[in-house]
Structure formats: C-alpha cells, structure tokens
Amino acid sequence: MPKELIHLSHITKSYETAVILDDLDLHIRENEFMTLLGPSGCGKTTTLRLLGGFETPDAGQIFFDGTDITSLPPNERKLNTVFQKYALFTHMSIAENIAFGLKISKKSKTYIDDKIKYALKLVNLEGYEKRSVDSLSGGQQQRIAIARAIVNEPKVLLLDEPLGALDLKLRQDMQYELIRLKEELGITFVYVTHDQEEALTMSDTIVVMNQGYIQQIGTPEDIYNEPANAFVADFIGESNIIDGRMLQDRLVEFLGVQITCVDTGFGQNQPVDVVIRPEDVELSDPANGFMEGDVISTIFKGVHYEIEVHANGYDWLVHTTKMFPVGAHVGIHVIPFNIHIMNKPESNDEKAVESDV
Amino acid sequence: MYKWKRQFLSGPYVVWIAGFIILPILTIFYYGITDSSGSFTLANIFAIAEPIHMKALLLSLKLALLCTAFCLILSYPLAMILNNLHLKQQSFVVFIFVLPMWMNFMLRILAWQLLLSNNGILNTILEGLGMPKLQLLNTPSAVVFGMVYDFLPFMILPIYNAMGRIQRDVVDAARDLGASELQVFLKIILPLTISGVISGIIMVFVPALTSFVISNLLGGGKVLLIGNVIEQEFMQNMDWNMGSGLSIVLMIFVVASMAFMNAHGSEEGGGAVW
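Residue numbers (the numbering used here), protein chains in the order written: chain A, 1 to 357; chain B, 1 to 274.
Treat the hints as calculated values from the structure; they're not laboratory data.
Every residue gets a Cβ at the ideal spot worked out from N, C-alpha and C, and that includes glycine.
Check the hints yourself; a few may be wrong.
[Claimed, not checked] From the derived model, a few chain B residues whose C-beta atoms are all more than 12 Å from chain A:
#1 Ser37
#2 Ala47
#3 Trp102
#4 Ala111
#5 Asn118
#6 Gly128
#7 Tyr149
#8 Leu157
#9 Asp176
#10 Ala179
#11 Ser180
#12 Gly220
#13 Lys222
#14 Leu224
#15 Ile248
[Unchecked claim] Residues from chain A shown here face chain B by an in silico Cβ test under 10 Å; the list is partial:
#16 Phe63
#17 Pro73
#18 Asn75
#19 Gln84
#20 Lys85
#21 Thr90
#22 Gly101
#23 Leu102
#24 Ser105
#25 Lys155
#26 Leu158
My request is simple: use the sequences and hints to build the entire structure.
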C-alpha cells in the first residue's frame, strides 16, 4: 500500500453559527485518486479549501508528508487547485496563464516554454499559446486551468467540481481525460463532486460526506455494494430502504414476510434498515416470489425499465430489462446476497435524504 | 417598416443632440476661426501663445494633474478596503461616498468657501488653539482641494466597480500558484483594475482641467485658470471670437488626453503585464 501523504487530523470548522466540519479525520495516500462526495453543504468543498490553504481550521491539524502545514499560506504549499469556474486570468494569454506559477518561482525561459508545450499537449490543446481566454469554450478553459496547475509539478492536485459547469457529453469525455492525466502524471488527485457517477467512474477511494461527517470511506465497489448506512445507500444510486427486524443471524422480517439473508451479528429481534438496490429486485410470476404486488408505473429509461410495484404496503423501485405493463400482478424476489441489512441511523446525517418521488 | 418605426423613437434625442450639442460646437468653431467682422483668421487660436493665456493653461494643467493624482491616491486603497468588506457594510459605505453627489455642486463649494475663509471655522479653531491664522482661501491649494472634494466619487466608483468584478477564485488561483500578496496585487489586481483607473482619471482630469467655478469661488480671482480666462472673454470682454478660439484649444487638450489614456489603457490591459 502506498505511503500516506496527507493527514487531516481532528479538523473542526464553522462559519458563524453553522458547523461545517466536525472532528474530521482523513488520510490521503500517495498517488491516490480520492473523491470527496456528498450533497451541497456537506463540507466537501471546505475540506478542499482547508487543504489548499484558503481556510484555516478552528481546531485540528493538517499534515503533509509528516510536516504540519495547518497555518501555511496557499503560496507555500506543494498543492495546486483547479477551480470550479476555471478562474483563468483573463488579462493574459493562454501561455501566460500556464506560465504564471513558473514565472513566480523564477524558472528559466526555455524551461517555461518547454513546460507550456508539454502541458498543452497533455490536455490536447497544442498550438493554443497565443489565444485569449475569452476565445475558448468552457471545456477548453477547464483544460487550461488543469494545465496551469500541473506545470508546477504539485504532489497533489485539488479539483473542486471541475466538470460541474460542462454539459453531459463533455463531462463524460473529461472524466476519461482526468483518469488518463492522473496515470501519466502519477500524482495524488483529491476530487470534490456531488455527482455519484463521476465519483464511481474515476476514484480509487470515495469519501462519502454528509452534514460535516464522513459517512463511509471505501473503493467505488465497496461504497456501491456495501453502503454503510441509509444515507450512503440512498446517495450512491437509488435504493429501496425498508423498515425491518433482524430476528436472528441470517433471518430478517420485513413487510410481513420472513426471508433468509447473509448478514450476521445484529443480535436478535433488532430493528434494522433493509436496503435493496432496484436492479437486484427480480419480478416474476406471482407464485415464484416471496411477496406479490401490482405494477403501478412503468417508465422506459433506455437501458432498463423503471417499474414501481406496490406490494405489502410498500412501493418497490425495480430496474429490469423485461417489460411489465401497469396493472400486472407480479411476484417479487431478491436473492439473499443482495439483501443488505443496516443498523438504524443513530444521527441525522446518517439518514437517507428525504425526497418526494 | 418595422425597423423604421423603431428608429423613429430616437427622434427626440437626435433633436436634442443637434440643437444642444452639435449646433453649439459648430457655432464655437465658427466664432473661433473668424474675427469680429466675420472674415477668416487663426489669430484667436494662436492667442493661446500670449503669456497670460499660456500661464493660465499651464496652471490649469498643473492643478488638474495634482487633483487627479490626489483622487487616485485616495481612491485606490479605499476601493480595495471597500471591496474586502462584507456586502452589507459595502453598500452602506458606497452610499456614504456617493451621498455628496446628490447635493448641489455649487452649495458644496460655497460651504468650503465659508469653512476656509480667514474668519471661517478652521481659522477660528486654529486661533482657539493659540496658533497663527492661515491663508487658506484664495490659494491654488484651496482650488485643488475643492476639485478633489468634488470629483473624488468619479474616481472611486469606476475603480471600485472594476475591483468588484474580480472573482475571489481568481485571487485564490494566483495565491495557489505561488504568488505572494504583493505579487497578487501587481500581477492580478492592478492589471484587472487598470480600465477602472483610466475611466476614473478621465472623469476627474477633464472636468478639473476645464473647471472655472471652483477657481472663482475658492481662488477668489487670484487663481486664474484657462476656464476663467475663457469665461472672462465671453462675459466681461464680450469677445466671443477670442473666447471661442481659446475654447477650441482647450477642447483639443481634452480630446488629446482622452485619446492618450485610451491608447495607453488598451496596451496595459492587454498582454504586457510581465
């Protein structure tokens, strides 16, 4: 496992009365693509600004390569940031933008010229040196912002929702572009986003945050397949979250039926959340399911149908490639491996976000 | 048809410009290049070379430059401080600075005449403190002071607006790329506000150069600016030809200074930052 590069130790930060981060502890390793994922106001951008040096924590310390950098100003940190709205210098040409950091650190002219060429090649904008910032599209401006940051050879690149202002197609292209860049540069990326698909596509490690607390840290597969609580399950993709009761190891009761599952260690007769992904729900003949229900809506989504089934008082969300018409009487089945059992939320931040469908 | 209708809407304004701007300028030009009998001459324009006129023009340029410099020195740091305030405080402070502009310009200058006069408040205070009275009124300094007082908002507002347009991210990005506070100022804030500085300079320098009321009231006839000379030619000597000729010269200076600032401005605003 690569060695640890950054350690955020017991960070607390509040603005006036609002607590943004509460006792946050986070380790970032060398050469890791780490994504801070969460809804707006969860503290992810503040965490990034603390790393960049634009904010100082109320309590706690930030270590970089073992040294305490908590009170170091941004210009003395070996990190560079790519901002959400590009933040290019409009009074300079593209080449001058990219050269900014290098000129500040007094590099030779030939070194700077080489670096500009190299960086423009890296972001696929060769020959753009003399262009003005205003003549570029949003996607091109964001690439220049990335080029401007990486020419300084930072050990860590901080990216604050860099694709937020781009349209869907461009955003997807840029995701692959960023993965390629990270592999070519071999540096650590800390990436902030509220887009779960972006996070799943690019990250080595995802940190799911809500209301100033870390909810779960793990690989994209971990986060998606084994969400730690109802909030994570709901935020990363869609989920059926149902009130249940763990009768004993490997046996859960919900919506009036008893079903075998694979989870253990919850004790006996404990109230739990049962989380089932829509694509894990199988629809079949009424006789073959563990409960019966009626299809109340069917929407074609391209890859799959999104079907709502009313069964035993709960509206199940189902993703399936097979079409079931509204009004059809169906059976519902889920294999034990796909039934996830979670403890009931202990605090507000662990709850699924309420939203009316 | 539709297009013609819309152009028709600008009719009142066209009449206004023609009647109150273009026609008077043409009249000035006519008077400027003719003598009292109506025959062509350039004598009125070359009259600027007479020592008394030249002295007034040079004094006007000097005082206008001083006034512009003081306004700039006062405004730039103020605009920076303003820009760093919280939004609520910001609009209040801007309101305070703009407030004097809502009062009649003559009233403000008359008030300073009273404050600065030999028996005015300032000298009374000095006397009370046992210090000698100062000759404040009727000096070039008083004129410059009055000009600065009057024209300051015209310098603050464009600089403040230019500064407000700089996004926090841009400053953060420069810091992030290694720039110190001073480098951020020199390489980011100054170049991005230079257009505001230039509009400010034009908006202060031009009225200061052509002013004659301030020098009348605070200079007491002892500070003779080119504006005062022109006024006297029209109002006292009734020599419209001479007054117009000198006006044309002043106009040339105004247009030249604006052209100079604009040309210089586009250069500064461009790539030549390093």
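Taking the numbered hints from earlier one at a time, note which ones the structure violates and give those numbers from smallest to largest.
-> 9, 10, 11, 16 and 25
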